[in-house]
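Chemist: These are the residues of each chain, in order.
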Amino acid sequence: MVVLTPTLEVISVDPDFPLWLRATHLLNFVLIGIVLRSGWEIIASLPRFWWRNDCKPGTEWLKLTRRTLPKEEGVYTSLMDERSTSPLLTLPGRKNIGLGRHWHGLGVSLWLLNGILYVVLLFGTGLWRRIVPTSWDVVPDALESLRIYLGLGVPSIEHFQPYDALQMLAYSGVVFLLAPAMILTGIAMSPAVRSRFPWYVKLWGGHQGARSLHFIGMCLMCVFVVMHVGLVFLAHPEYNLPHMVFGVTDPTRYAQAFTITVATIVGTIALWIALSYLTLADRARSQRVLVTLTEPVRRLALNWMKPRMARQGTYTEKDVSEFHWTNGLPPTSDESTEWLEHQQNGFADWRLEVGGELSGTILQLSLADLRRLPKTEYIAVHSCMQGWTATSKWGGVRLRDVLAQLGPRPAEAEYVMITSHGLAQSMYDHRLREPFYAVLDLTTVAEDDTVLVYERNGHPLDVHLGAPLRLRVESHHGYKMVKWVRSVEWIADYRGYGDGRGGTREDSALQAFNGRI
Amino acid sequence: VTDQRPAVVSTTFALSGLTDGDDVRAVTDIVSTVPGVGGVAIELVSAGRATMFLKHQADVELDRSAIETALRSAGDYAVVPDRS
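Protein chains in written order, with my numbering: chain S, 1 to 517; chain P, 1 to 84.
Next up, chain P with everything else stripped away, as it sits in the complex (with noise of 0.2 Å):
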């Protein structure tokens, strides 16, 4: 029997303003909320920076201005350019 459920894939987002443990926590909490996104993984890269890895179904693209819009509402956050 072959595994017939939606593949999942990664999509990245640099982002700015985090700094700490309750930064993260408020940005997981909403992000989790915007349609399609499955999992939710952030790292602190360095001071008030961040990457943040959503996981979502290969098939659905991400609304980029509902998770900045998200990320608006959360706090001082906001999507970058990745300098990486």
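Bound-form chain S, shown alone (with noise of 0.2 Å):
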């Protein structure tokens, strides 16, 4: 007879793989996927990619596009260049760009907090130990993994304590030198970063430097991941997959560990999928949740640098561009025959309108009355949302000091809206077009290099880049920045036009009303 003798043997988890990391390791997996598939939403906006900062068309260093481009400036739009990509393969597709930012934004905020909590305990438990190298023998012995990867063989077992020297240097170099290297550079990518310490942006060669630099860091991030994902499985899994699932080294539960990860990744990626498809089911509503999850961050990061243009030093007369991109092309006979009237006329008879009904007046200014107005002039990079820049000396008036000829801010007065000659491109529900504007807040009004400019590079502002008068918010994306102004007036709150969300751009490609990055 047999006798059946429970035993008490209880393995306990491996203390290199406390629950902690398993659950940092796995939340990172999850959103590393939302922010590179909303990275790649936001490339197929404009995928090209220059080391110069005027984005010359026929100057990329990588073009993923056979579009080709006229020669001649101002005849065409940026956003002629932007692809639609399938929902499957980015977050959420479908040329989104605006949501695809949104969740850019979330997915890195969230991706940032992870991997800060995961560096704290990574120290403050002493297992940062396992992955950063102490010795130089770490060389010769990630080399001889190396070699023996590359003779398609794998490590003995005995090389993983727990990890390997090949590890260990990918591992330290993706957490310590690639994660915080995609942050700065992405940092770098905001104008309010830009436009208060543009020191900080020229260091990684300027935004596009920046951008260039964020595209590789991407390119090696996939690279790592593929590679991270494929050796777990084709390395010594029956010791990987118990160690990543349960935290412990006991290869009997491989087949538990190997049931669970398959699974996980698989319905990771349906997640991804289903984030798309979801955004995409309601994209109103989409842009409501993502820009209240998001503004948060922006607000805390971000809105307390106030731009000083007129007073840095970095950006000079040798920054300014070659070449200007536009978004828009001048009104045509369709959106504004007033404003073809003007441009015939050389603008003489141009009037802006200022005012409205919360100041109970509209003044009408000529292009002579604003240059009555203190002269403001700077250099300045603006950026596009979707990753052109351009880099040109501003001269104008101060919209605080354009507003002010209408005397103090009436009570109500909460936004300031600012109204084009020209149409939108697109409706949100294609209905016909209604003309472009921007909102502005209180806050935005009153910053130094928030202006009306009439003057680019020492001549009159060129026709495609708004003449005769176009507003400058350097603190913010092109996007807010209306060309072609037609009239500013106080307004209350923003709600009641457009489509309530507070601007041309807002409405129908679903920006942020806060446009600081």
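To be clear, the hints were calculated from the coordinates, so they are not data collected in a lab.
All values reported here derive from a predicted model rather than from experimental measurement.
Any given hint might turn out to be false.
[Unchecked claim] What follows is a set of in silico ranges between Cβ atoms, one per label pair, in the way DEER data are often shown:
#, chain 1, residue 1, chain 2, residue 2, range
1, S, Lys63, P, Val80, 35 to 41 Å
2, P, Ala7, S, Arg299, 27 to 33 Å
3, P, Ala58, S, Leu442, 37 to 43 Å
4, P, Ala14, S, Glu72, 39 to 45 Å
5, S, Arg495, P, Val80, 17 to 23 Å
The beta carbon of each residue, even a glycine, is placed where N, CA and C say it ideally should be.
Got two chains here, separate frames each, mind docking them using the hints?
Modeler: Okay, here's the thing in structure tokens:
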């Protein structure tokens, strides 16, 4: 007779793989997919990369589109370069850079929080010694592991304590170099950061240097993810998977761990794709939710940065661009015959309407009237949320000085609305187009570098860039900067205008009202 | 300094076959590739009918047959006589 004696063997969690480590690892996997997929959505809107900061077509170091562009400046728009991608690949897909940017911001914020928690716990528990090399022996050991992998072999299990030298170098590189570089180059693409700390952006080679390095970093991250996941299944998976899932060194639980890992990967990919379709199901609702979730980060991190382009020496006349993209062409006869008449007349009879219902009056200011107001002049980089940039010397009058012509701010006035002679390129629901407009809050209106400009590079403003008057809001991306300005007025709230999101780009492209990143 | 860049004008087309945002995106994408087109705006007017505004240099005449071919390649879309 065989007597079965119950064993009391309890396999405890390996101290190298505690629960917090496994949880942050899993969360990192979910979030990195959101960050990468939304990043690809952003790339699809302008699939070109430059080192030079005027983004002149033909000078790209990498072009992921076959579209060729005319040589003439100002006869096509950057929006024409935008590519529609499948929701299976990008988040959310189908030419939704606004929503893609919100997902990117949310994903990065959570990824950063998760990463900080991971690093703090890594050092707090002493587990940093597992991944940070403390001896130069790591180099020859890593080369030995690499030699074995290149020979399609796998280093023996003794190499893994718990990681081998190549893993230590790769993990340290990703955690302490690549991930921080991605964050730092991402931040450098914020106009709020650039207009407050221009030296920081120039440190990366300007906006385009930061954007290109960000892209290269993304490629390296993708290579790492593919190799990392691949090797988990190829190099001693009977140890890796129980470590990762249960935190134990117990190859007998390999089958269980394998099943759970595969199910988790499939489930996570399904979640990524579901997020795309959920976002596209009601794009306006998605914008509301995502902007609500990301706005606290913008307020906390960026709203305190006040632009000071007129007081900086980082960008000089040497930086002024040869070329300037635009994402809207001048008004045509279907949009404003009034503006066309003014253009024919050299804008001699053009007037800026200042005021409205709240002010109880409307002033009609000519270009000469505007030139009589205090002039501000500075060199600044214009960045479009699509990714292109151009540097110009702008000359004009501060918006707050123009508004001061109306007298004190009306008590109910909380915002300023700037309207164009041109129409929106498309409406959210594709109804008949309405005039392009943007709304600014009081904080932005008060900034030194919120300006109505009538000059660029020392001459009257170019027609394709907004003549005779355009808005500059240096702390924001270009989508807030109305060209071919017709009127400026105080308003109590923006919810009663357009689709109620505070501007044409917010309404139709679902950008955030706060355009500081 | 006078702005010497080419003047931009728009040419308007009445279209059939467009009913929603997917149609607008498909047509915008394909027409954007037609040589000479600098900007595309589409308004949905009534069931299946739309107005398309193409911006281009004033001295460039758009190739109507190229636009029609592009529309056909994107789906069941066509240029129709303007009834407005």
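Chemist: Against which earlier hints does the structure fall short, listed by number upward?
Modeler: 2, 4 and 5
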